[in-house]
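All chains should be built: construct the whole structure from the sequences, respecting the hints.
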Amino acid sequence: MSFTVVTGSASGMGRSCVDRLRGRADHLVAVDLEAPDIDGTFGVACDVSDPTAVAALIGAVSDLGDFRGLVHAAGISPAMGDARRVLEVNLVGTQLLVEAFEPMVTTGTAAVLFSSLAAYQIAPFANPEQDALLDEPEAPDFLDRVVPTVADSGHAYALSKRGVVRLASRAAVRWATRGGRVNSLAPGLIDTPMGRLEMDTQPAMRDMYQKSPMERMGRPEEIAAVVAFLMSDEASFVSGIDILVDGALLPNL
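Mapping of the sequence shown onto the working numbering: position 218 corresponds to residue 218, and the numbering continues sequentially without gaps.
Among the clues, some could well be false.
Label-pair restraints from in silico Cβ distances [said to hold, decoys possible]:
id	residue 1	residue 2	range
1	G23	N127	22 to 30 Å
2	P140	A45	19 to 27 Å
3	E215	P148	36 to 44 Å
4	P51	Q210	40 to 48 Å
5	A56	D207	14 to 22 Å
6	V238	P124	20 to 28 Å
7	L33	A126	24 to 32 Å
8	A248	G65	38 to 46 Å
Calculated pairs, DMTMM-like style, for lysine to aspartate or glutamate (alpha carbon to alpha carbon, straight line, at most 20 Å) [to be verified]:
id	residue 1	residue 2
9	K211	D191
10	K211	D200
11	K211	E198
FYI, nobody ran anything at the bench for these hints, they're computed from the structure. Because the structure is a prediction, the values reported are computed rather than measured. Here a beta-carbon is modelled for each residue, glycine too, at the ideal position from N, C-alpha and C.
Right, here's the structure in full:
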């Protein structure tokens, strides 16, 4: 028996990942703030930024068999919270999940952590001091140290996703000793409820859309297809990298 966990599974890219991965493990665990009711899945409620909730998630899946994989699509956008909350959910929450599941990793386990095109956009402005901060999301005073260095929730979002890319690279080394793999995936402009919220509230997002060479937003199922590959045995030697899925938008910005 085996299980795979998908966070952020109630809608958007997470839901598309559930649909794509259904049947690849004996149990597909669908996680969101409220337990999703999706046919063929085991729904669990979890705020990924809450250590107690993450521990409860681990308890809920511990008897389901071998840990096959984690698709961590849960996160919030700049319009959904202030800088502190964005960093808490997107980066601290990712760290909590990766740490909690690491003892369960076995040969063939794979994880895909969602980063963002924003991680690439902020890269030219990164500096070693801030990267050093981003590399310690498990520190008790992490938020108190990093929040004063950000301008607003949009800046925090980009930094949180840069932190996820770096976290995936570090975790890949540790998980490899247990036979597991970790990668991150950076969606560009994707047609989801969250994507549309940002499009409606952030003029910069509309400007980006106008520069899309494919003249459209990506579809959630296109992201899920890449996730499915990264989670499969066909990607057995792919680990520690970030894959940008943005329809060639970045080179045109």
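Verification of the hints:
1. The beta-carbon spacing between G23 and N127, approximately 45 Å, falls outside the hinted interval of 22 to 30 Å.
2. About 25 Å separates the C-beta atoms of P140 and A45, a value consistent with the hinted range of 19 to 27 Å.
3. Range check, E215 to P148: about 40 Å between beta-carbon atoms, so the 36 to 44 Å window is met.
4. Taking the beta carbon of each, P51 and Q210 are about 42 Å apart, inside 40 to 48 Å as hinted.
5. In this structure, A56 and D207 break the distance hint of 14 to 22 Å, their C-beta atoms being roughly 42 Å apart.
6. At roughly 26 Å, the beta-carbon separation of V238 and P124 lies within the given 20 to 28 Å, and the hint holds.
7. At roughly 31 Å, the beta-carbon separation of L33 and A126 lies within the given 24 to 32 Å, and the hint holds.
8. At roughly 40 Å, the beta-carbon separation of A248 and G65 lies within the given 38 to 46 Å, and the hint holds.
9. Simply put, K211 and D191 have alpha-carbon atoms about 16 Å apart, close enough for the 20 Å limit, and the pair holds.
10. Our distance criterion of 20 Å between C-alpha atoms is met by K211 and D200, whose separation comes to about 17 Å.
11. A hinted pair counts as satisfied when its Cα atoms are at most 20 Å apart, and K211 with E198 qualifies at roughly 16 Å.
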